[in-house]
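Trainee: Taking the hints into account, I'd like the entire structure generated from these sequences.
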Amino acid sequence: MNRRVFRRVKSNAMTGVLMACVLAAVLPLLWILGTLVLKGAGSLSLDFFTKMPAPAGETGGGVANAIVGTLLMVGAACLIGIPVGIGAGVFASEYPRNRLSIVSRFVADVLNGTPSIVIGVFAWTWIVAKQKHFSGFAGSAALAILMVPMVMRTTEEIIKLVPHSLREAALALGYQRWRTTLQIVLLTALPGILTGALLAVARVAGETAPLLFTALGSQYMGTNLNQPMASLPLTVYTYATGPYEQWHRYAWAAALVLILLVFVLSLGARLATRRMARLGG
Amino acid sequence: MAPLMTGEAPIAPVAVRPRMETDKLSAMYGRFTAVKNVSVGFAPNQVHALIGPSGCGKSTFLRTLNRMHEMSEGGWITGRVLLDGEDVYASRVSAMQLRKRVGMVFQRPTPFPTMTIFGNVAAGMKVSGRMKGAALHDKVQHALEQAGLWSEVKDRLHQSAMALSGGQQQRLCIARTIAPAPEVVLLDEPTSALDPQGTQRIEELLYQLKRDFTIVIVTHNMQQAARVSDTTSFFYMGTLVETGATRQIFTAPREEKTEAYITGRFG
Chain A
1 MNRRVFRRVK
11 SNAMTGVLMA
21 CVLAAVLPLL
31 WILGTLVLKG
41 AGSLSLDFFT
51 KMPAPAGETG
61 GGVANAIVGT
71 LLMVGAACLI
81 GIPVGIGAGV
91 FASEYPRNRL
101 SIVSRFVADV
111 LNGTPSIVIG
121 VFAWTWIVAK
131 QKHFSGFAGS
141 AALAILMVPM
151 VMRTTEEIIK
161 LVPHSLREAA
171 LALGYQRWRT
181 TLQIVLLTAL
191 PGILTGALLA
201 VARVAGETAP
211 LLFTALGSQY
221 MGTNLNQPMA
231 SLPLTVYTYA
241 TGPYEQWHRY
251 AWAAALVLIL
261 LVFVLSLGAR
271 LATRRMARLG
281 G
Chain B
282 MAPLMTGEAP
292 IAPVAVRPRM
302 ETDKLSAMYG
312 RFTAVKNVSV
322 GFAPNQVHAL
332 IGPSGCGKST
342 FLRTLNRMHE
352 MSEGGWITGR
362 VLLDGEDVYA
372 SRVSAMQLRK
382 RVGMVFQRPT
392 PFPTMTIFGN
402 VAAGMKVSGR
412 MKGAALHDKV
422 QHALEQAGLW
432 SEVKDRLHQS
442 AMALSGGQQQ
452 RLCIARTIAP
462 APEVVLLDEP
472 TSALDPQGTQ
482 RIEELLYQLK
492 RDFTIVIVTH
502 NMQQAARVSD
512 TTSFFYMGTL
522 VETGATRQIF
532 TAPREEKTEA
542 YITGRFG
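Quick mapping for you: the protein sequence lines, in order, are chains A and B. Following the working numbering, the residues of the first sequence are numbered contiguously, the last one being 281. Following the working numbering, the residues of the second sequence are numbered contiguously, the last one being 548.
Note that these hints are calculated values from the structure, not bench results. All figures in this text were calculated on a predicted structure; none of them were measured in a lab.
Below, a sample of chain B positions facing chain A; criterion: calculated Cβ distance under 8 Å: (1) Arg380; (2) Lys381; (3) Phe387.
Quick reminder that beta carbons are idealized off the backbone N, C-alpha and C, glycines included.
Mentor: Okay, here's the thing in structure tokens:
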């Protein structure tokens, strides 16, 4: 075989292998989405979003309390987890060889690999057991603990991508160090940091294990973070493992809503950061 | 002391008091000495070129003049740097205040990506806080005019600076540096990332800028030094080998090392 033909065949074969890999990566995702839509979309109605759960065995009702609970708990987790994570990431990138940075980087990596149920047990021990009752706040705390190391490490990595020359240019203009870090480095890295924070939000929004013995779940509408609280992942878990046919359908629908929620969040943040990057300060 | 505008005419070093000078200045990184015992003066409203092979300490020397050297890992100095006769390393002098009087332009264009063209030029003035509105706009326009960029960007002041070409970005950085009206402008190989056309624009610009500023430029390009500067200092292995009027350095160097370098025998 002529060399040029051989090269072309080899190139096409490798391209084929890579395309197969892409398909293998994307197919399961499409399959999951497709299954969710097929099995869950039928149960979606206005009632599903606005009504409370029906008593066991009865038809109708919705998961309004779980949607509210998830939004509240994830929101509270963000309020704690994102600022702490970004702050820690800024510190670690500003003082890369500081002992505290080295230790916290290591701890963050370990925490990132820790099963989330362990975090749940931790939150149970230190919040639920001390307070002697389950609460949405304990759930938020567990989610926040999960978020901090993720946000910290992405923040640090994104800030490292900001060219050193930008920092020098700001300093050479007479910027103080804190101003350089905040107004030049952090602002330049902001779209990336927000994307990282959003990935963390999306990840914890679907967490079930740390909520099982912290927020517990609830049949009632509650906005008090000091009470047990319902959430979408817990609803999926309860309904999917329950005995009723309607529960199973609702579990699919709740899972679909959860995914849509995450999807809308990512899309919103993506658009917001893009607009911010375009306009500038 | 009218500044000499003839470019290549030799200047009398005693006639003018230097705007900036160093006195037995050494610059270290930890225990490594990059610049050794350099004493040199820069007369006002002139372009001073620093030349020498890579690693000769010319950039480090430049960075001691606006105290950027101390921001480098392990950077410290001995000796003195004087601006209008005042030691810039004196404990009462803040590096931030100094850098408003001694601006710097870097090798690669570094516009702030989150800011508009206007915002970039205004950045150095905003950092001191007070300037706003029409006064700020006038200063920005003036700086862009001085940098020869106004006509190219006046209709898109509020667009991102990242859309400009490399040469335009570098002139924007020059505008940003001169906008707060420093006395001295330091340029660290400002054209090494630019194409010939961009380089030519900057070289022409230097000729205009020396009316308002004292300019110190590091360049690895000897032709550039010969074209743009009034005085030239040749650095080798961290020491200042020779300094003098550019024409003298390039036509009748006193030191053998200088001659070897400018005739291309090493470096």
